[in-house]
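*Asks:* Under full-length UniProt numbering, the first residue of the sequence shown carries the number 1, and numbering increases by one thereafter.
FYI, nobody ran anything at the bench for these hints, they're computed from the structure. The model shown is predicted, which means the values in this text are computed figures rather than measured ones. Some clues are possibly wrong.
Unchecked claim - Here are the simulated distance ranges between beta carbons: (1) V154 x R110: 24 to 34 Å; (2) G156 x S106: 29 to 39 Å; (3) S124 x H170: 23 to 33 Å; (4) E129 x N163: 20 to 30 Å; (5) R105 x A147: 34 to 44 Å; (6) Y161 x G59: 43 to 53 Å.
Unchecked claim - Below, a list of computed lysine to aspartate or glutamate pairs in the DMTMM-like style, where the Cα atoms sit at most 25 Å apart: (7) K98 x E129; (8) K60 x E71; (9) K142 x D171; (10) K87 x E129; (11) K142 x D157; (12) K60 x D90; (13) K87 x D63; (14) K87 x E71; (15) K98 x E71; (16) K142 x E129.
Positions of the beta carbon are idealized from the N, C-alpha and C atoms, including for glycine.
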Amino acid sequence: MRDVEQLLSAARPSVPSLLMTQSLNCSGGGRSFRGPSMVNSQLGGVVASPPRSCAGCGGKIADRFLLFSMERYWHTRCLKCSCCHAKLGDIGTTCYSKGGMILCRSDYIRLFGHSGACSTCGQSIPANEMVMRAQGNVYHLKCFTCATCRNRLVPGDRFHYVNGTIFCEHDRPGAALLSSHLPPLQSNPVLPDQKVC
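Take these sequences, add in the hints, and give me the full structure.
*Replies:* Written out as structure tokens, the structure is:
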């Protein structure tokens, strides 16, 4: 990138009409990236560097413009949101990277902006917090407890979900009657990065 910046600053006075720069900020996992920057790769016949390989398709970038984001070069058509497939250079000034996905702002907020409300306490669950899920409900880790003994259930614990209520293996209602009919569920934590488009 330093070579390109040096060449651009040297070429700027002679070809100002050919140089167009668009800067987007891309962040992921708490790390911010400078990019994608849209850079004229031809500069009126001046070659900035050998053709770059696109991080998206692997092909050589011979287009008039290229994008630089997350320390890699991209065709403008290849840097797309993993969910909606929008071309990120066309839709805004920000892109996000999380969980192996590259996302536009809208999809990032939709997937990671808010995990919902806890089914036990009703309070909001931040998107970066681990949660427990049971039968479509979401719980803070501290709220995922047996309704009878109040012991906290952890990943791997067996539990029973009866009429919207969580019970540990020991305290499930009607244990003698239901022992052969209802297999216990196993708690399964959901990490913040496990989202589906």
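*Asks:* State for each hint whether it applies.
*Replies:* Hint check results:
The hinted window of 24 to 34 Å between V154 and R110 holds, with their beta carbons roughly 29 Å apart. Look at G156 against S106: about 36 Å separates their beta carbons, and that is inside 29 to 39 Å. The given range of 23 to 33 Å is respected by S124 and H170, whose C-beta atoms sit roughly 32 Å from each other. One distance hint, 20 to 30 Å for the beta-carbon pair E129 and N163, holds here, with the actual separation near 27 Å.
At about 40 Å, the beta-carbon gap between R105 and A147 stays in the expected band of 34 to 44 Å. In this structure the hint that Y161 and G59 lie 43 to 53 Å apart at CB holds, the actual value being about 50 Å. For a cut-off of 25 Å, the pair hint linking K98 to E129 stands: about 14 Å separates their Cα positions. Restraint check for K60 and E71: satisfied, since their Cα atoms lie roughly 16 Å apart, inside the 25 Å limit.
Our distance criterion of 25 Å between C-alpha atoms is met by K142 and D171, whose separation comes to about 19 Å. At most 25 Å may separate the alpha-carbon atoms for a hinted pair to count; K87 and E129 exceed this at roughly 30 Å. Using a Cα cut-off of 25 Å, the hinted pair K142 and D157 holds, with the two alpha carbons roughly 14 Å apart. Taken as a hint, the K60 and D90 pair is honoured in the structure, with Cα atoms around 21 Å apart against an allowance of 25 Å.
The suggested pairing of K87 with D63 holds, with an alpha-carbon distance near 15 Å, which does not exceed 25 Å. Of the supplied pair hints, the one linking K87 and E71 holds, its CA atoms being roughly 18 Å apart against a limit of 25 Å. Simply put, K98 and E71 have alpha-carbon atoms about 15 Å apart, close enough for the 25 Å limit, and the pair holds. Under the criterion of a C-alpha separation no larger than 25 Å, the hint pairing K142 with E129 is consistent with the structure, at around 11 Å.
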